[in-house]
Amino acid sequence: MNRSPAILIAVVAACLTTGSDSPAADSFVRPGDGVDSQLPVWGHKAGLQIGLAPTPGPRGLIRVYAPFLGQVFPRVVNYISIEPSVRGQQGRDQSELQISREHPESRGLSFWSTDTIDAPRVADPVGGVLGRQQKTLRVFIHTEPFQNGAQPVIECVFREQAPYEIEFVTHAAEGSAPMTSCVLSATMGNYGQLRDIHLKDGRVATALDLWKGDQLDAFGFFPWRTWSTNQLALDQHGTVSVPISSDAPDPAAVEYDANVARHWRYVGKKAVHYWRANRDANPVVAVNGRRNYWMSNSPVPGGPAFENFEIRVAFKPGNRLWFGVRPDDEP
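Going left to right, the sequence shown walks through residues -24 to -1, 1 to 307 as mature numbering (1 follows the signal peptide of the UniProt record, and there is no 0) numbers them.
Hints should not be assumed to be uniformly reliable.
As the list claims (entries may be wrong) - Calculated lysine to any residue pairs in the SDA-like style (CA-CA distance at most 25 Å, straight line):
| no. | residue 1 | residue 2 |
| --- | --- | --- |
| 1 | K245 | A194 |
| 2 | K246 | R179 |
| 3 | K176 | A138 |
| 4 | K246 | K292 |
| 5 | K245 | E143 |
| 6 | K176 | S204 |
| 7 | K176 | Y232 |
| 8 | K246 | G67 |
| 9 | K188 | P275 |
| 10 | K246 | G178 |
| 11 | K246 | A95 |
| 12 | K176 | Y140 |
| 13 | K188 | D69 |
| 14 | K292 | G67 |
| 15 | K245 | D172 |
| 16 | K111 | R296 |
| 17 | K176 | Q207 |
| 18 | K292 | A95 |
| 19 | K246 | R267 |
| 20 | K111 | A22 |
| 21 | K188 | Q137 |
| 22 | K111 | R135 |
| 23 | K292 | H213 |
| 24 | K246 | A209 |
| 25 | K245 | R51 |
| 26 | K245 | R135 |
| 27 | K246 | D223 |
| 28 | K245 | Q137 |
| 29 | K292 | D69 |
| 30 | K188 | V230 |
| 31 | K245 | Q127 |
| 32 | K176 | N264 |
| 33 | K246 | D211 |
| 34 | K292 | Q127 |
| 35 | K188 | Q127 |
| 36 | K245 | R255 |
No wet-lab data here; the hints were simulated from the structure.
Using the sequences and the hints given, assemble the complete structure.
Here is the structure:
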């Protein structure tokens, strides 16, 4: 039976906010197991989750949900854009801004899910694959081809012992143009008023200082700032780990200009967002910033904040990156 996206969203919101056990018996939610079978949402029952269209938001972006912060589905804490570069071409394509061959009337590439990397495309979202003793959940996200010929596949892994984290493993689909990089960019730092980036030896760089005297580009962004591997801290896993945080004591309690849209007004507990990568991949961390919220003239309270936040590595099939969002009061 076909059901409208609005009805499905209402059903999955009820499941996610009440902690429904119908019928999930493990640590995860996935289509048909803790959430409605027709809605593409996967992740930790009590932690970080991801979703795809038709959940609310732009097509061509992976949604990131953090219900443990007190953010009720379908409120998104961040988005992940897929941005590949290919050999012999300048620049990189962006999944959010590409014109879709399947939906030529609007921007944003189509994404779909499979249980294995080479499984055929099906209309309904898959449930993903539970690992041994149900300690992991794994799902593959595919994209339609980019204009530059790239066609990455993103393997998403949730581990029971890491409820605030998602592991992303990058692959190339059969027939993809050879990629030199496949950047995964967290695109919505302004929402969390994220201004401080934490580097090696306790150094903190702040958005309020990084762009003094810089001009905005035509789209309202400050230029990229980058830090190389030797400027980044190692964590207990032996991986490079780069957190960004808010300087606001309580981002949900700040005063907004009257013209700031409701969806930009922060809800819930203060959070830290982070990327991790293997040190031997020679990662480079990059941020840009904005003074006003995207596609508006409404100022971010407190001044410029980070918007895109990413960790860049050369493409190799099987590269592993980790993205996390945790409560600010937890280590």
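Quick rundown of the hints versus the structure:
Under the criterion of a C-alpha separation no larger than 25 Å, the hint pairing K245 with A194 is inconsistent with the structure, at around 33 Å. A distance of roughly 21 Å separates the Cα atoms of K246 and R179; the hinted pair therefore holds under the 25 Å criterion. Between the alpha carbons of K176 and A138 the distance comes to roughly 23 Å, so the proposed pair stays at or under 25 Å and holds. Straight-line distance between C-alpha atoms of K246 and K292 comes to about 35 Å, which puts the hinted pair past the 25 Å bound.
Between K245 and E143 the alpha-carbon distance is near 23 Å, which keeps this suggested pair within the 25 Å criterion. Of the supplied pair hints, the one linking K176 and S204 holds, its CA atoms being roughly 11 Å apart against a limit of 25 Å. The suggested pairing of K176 with Y232 is violated, with an alpha-carbon distance near 33 Å, which exceeds 25 Å. The straight-line distance between the Cα atoms of K246 and G67 is roughly 34 Å, outside the 25 Å bound, and the hint therefore fails.
Between K188 and P275 the alpha-carbon distance is near 17 Å, which keeps this suggested pair within the 25 Å criterion. Taken as a hint, the K246 and G178 pair is honoured in the structure, with Cα atoms around 20 Å apart against an allowance of 25 Å. About 39 Å separates the Cα atoms of K246 and A95, which puts this hinted pair outside 25 Å; it is violated. This hinted pair checks out: K176 and Y140 have alpha carbons roughly 22 Å apart, not beyond 25 Å.
For a cut-off of 25 Å, the pair hint linking K188 to D69 is broken: about 29 Å separates their Cα positions. Between the alpha carbons of K292 and G67 the distance comes to roughly 18 Å, so the proposed pair stays at or under 25 Å and holds. The straight-line distance between the Cα atoms of K245 and D172 is roughly 17 Å, inside the 25 Å bound, and the hint therefore holds. A distance of roughly 19 Å separates the Cα atoms of K111 and R296; the hinted pair therefore holds under the 25 Å criterion.
A hinted pair counts as satisfied when its Cα atoms are at most 25 Å apart, and K176 with Q207 qualifies at roughly 5 Å. About 21 Å separates the Cα atoms of K292 and A95, which keeps this hinted pair within 25 Å; it holds. The straight-line distance between the Cα atoms of K246 and R267 is roughly 20 Å, inside the 25 Å bound, and the hint therefore holds. A C-alpha spacing of about 14 Å is found between K111 and A22, which places the hinted pair at or below 25 Å, so the restraint holds.
At most 25 Å may separate the alpha-carbon atoms for a hinted pair to count; K188 and Q137 exceed this at roughly 41 Å. For the hint pairing K111 with R135, the CA-to-CA distance comes to about 6 Å; that is within 25 Å, so the pair holds. A C-alpha spacing of about 21 Å is found between K292 and H213, which places the hinted pair at or below 25 Å, so the restraint holds. Taken as a hint, the K246 and A209 pair is honoured in the structure, with Cα atoms around 22 Å apart against an allowance of 25 Å.
Simply put, K245 and R51 have alpha-carbon atoms about 13 Å apart, close enough for the 25 Å limit, and the pair holds. Using a Cα cut-off of 25 Å, the hinted pair K245 and R135 holds, with the two alpha carbons roughly 23 Å apart. The hinted pair formed by K246 and D223 meets the criterion: a straight-line CA distance of about 10 Å does not exceed 25 Å. Simply put, K245 and Q137 have alpha-carbon atoms about 22 Å apart, close enough for the 25 Å limit, and the pair holds.
Among the hinted pairs, K292 with D69 is consistent with the structure: their alpha-carbon atoms are about 18 Å apart, no more than 25 Å. As the CA atoms of K188 and V230 are separated by approximately 23 Å, the hinted pair is consistent with the 25 Å bound. Of the pairs offered as hints, the one joining K245 and Q127 is violated, with about 36 Å between alpha carbons and a cut-off of 25 Å exceeded. At most 25 Å may separate the alpha-carbon atoms for a hinted pair to count; K176 and N264 meet this at roughly 19 Å.
At most 25 Å may separate the alpha-carbon atoms for a hinted pair to count; K246 and D211 meet this at roughly 22 Å. A C-alpha spacing of about 14 Å is found between K292 and Q127, which places the hinted pair at or below 25 Å, so the restraint holds. The straight-line distance between the Cα atoms of K188 and Q127 is roughly 38 Å, outside the 25 Å bound, and the hint therefore fails. A hinted pair counts as satisfied when its Cα atoms are at most 25 Å apart, and K245 with R255 does not qualify at roughly 31 Å.
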